[in-house]
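Trainee: Sequence:
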Amino acid sequence: MLDTVYRDFGTGYVPRWHGDIVDPAGAYLTPARHTLLVALDPADGAVVATGALDSRGPAHPPNPKHLAERYPSGETAQLRRVYVRPEHRRRGLARRMVGELLAFAAADGGYRSVYLHTDPAVPGAEEFWRSLGTVVHDERENGVVHFEIPTGR
Numbered sequence: 073m074l075d076t077v078y079r080d081f082g083t084g085y086v087p088r089w090h091g092d093i094v095d096p097a098g099a100y101l102t103p104a105r106h107t108l109l110v111a112l113d114p115a116d117g118a119v120v121a122t123g124a125l126d127s128r129g130p131a132h133p134p135n136p137k138h139l140a141e142r143y144p145s146g147e148t149a150q151l152r153r154v155y156v157r158p159e160h161r162r163r164g165l166a167r168r169m170v171g172e173l174l175a176f177a178a179a180d181g182g183y184r185s186v187y188l189h190t191d192p193a194v195p196g197a198e199e200f201w202r203s204l205g206t207v208v209h210d211e212r213e214n215g216v217v218h219f220e221i222p223t224g225r
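Start counting the sequence shown at 73; every next residue gets the next number (this note's numbering).
Think of the hints as simulated: they come from the structure by calculation, not from any bench.
Only true hints are included.
SDA-like, lysine to any residue: derived pairs with alpha carbons at most 20 angstroms apart:
#, residue 1, residue 2
1, Lys137, Glu147
2, Lys137, Val216
3, Lys137, Thr190
4, Lys137, Phe219
5, Lys137, Gly215
6, Lys137, Val207
7, Lys137, Trp89
8, Lys137, Arg212
9, Lys137, Ser185
Bear in mind the structure is a predicted one, so any value in this text is a computation, not a measurement.
Work out the full structure: start from the sequences and follow the hints.
Mentor: Now the structure itself:
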C-alpha cells in the first residue's frame with residue numbers, strides 16, 4: 073500500500089491520510105466491522121492487490137459537509153485501499169476484491185450505503201469506479217471524485 077501512495081498518488085506517506093497503511097491490523101483487522109483483503113502472487117507470494125472496508129464515513133473537513141452528512145460513520149461502508157500493482161491490472165482482481173468487500177458489508181447488515189473516493193489521475197481508477205457505481209460529487213480540481221456503490225451488487 074505504501075508503494076501505491078508513492079508511485080500512483082505521488083504524495084508519499086502522509087500520516088493524516090495514510091495512518092491505516094502503517095497499522096493495518098488496528099485499522100482493519102481488530103474492529104469487527106472492518107476488513108482487509110490481500111491478493112498474493114502464487115508464483116512468489118508477493119502482494120499484488122489489496123482492498124479494505126471500514127465503517128467510517130467521509131470526514132468533514134477535508135471532504136464537503138454534505139458528503140459527511142449523507143454518508144455518516146457507522147452506517148456507511150467506506151471502501152479503501154483498493155489497489156492492484158500495474159503489472160497485475162486488467163485481470164479482474166480489483167473487481168473480485170470489491171465483490172468480496174460488498175459481500176462483507178452485506179453480511180454485516182448494519183451498513184445502509186457504500187462510499188469511496190478516488191484520485192482520477194490514477195490510470196484506470198475513475199473508469200473502474202464508474203463501471204461499478206455513481207459519482208456523487210466531483211471535485212477533480214482537488215484530485216478527488218466521490219462515488220456511491222450500490223449495495224446489491
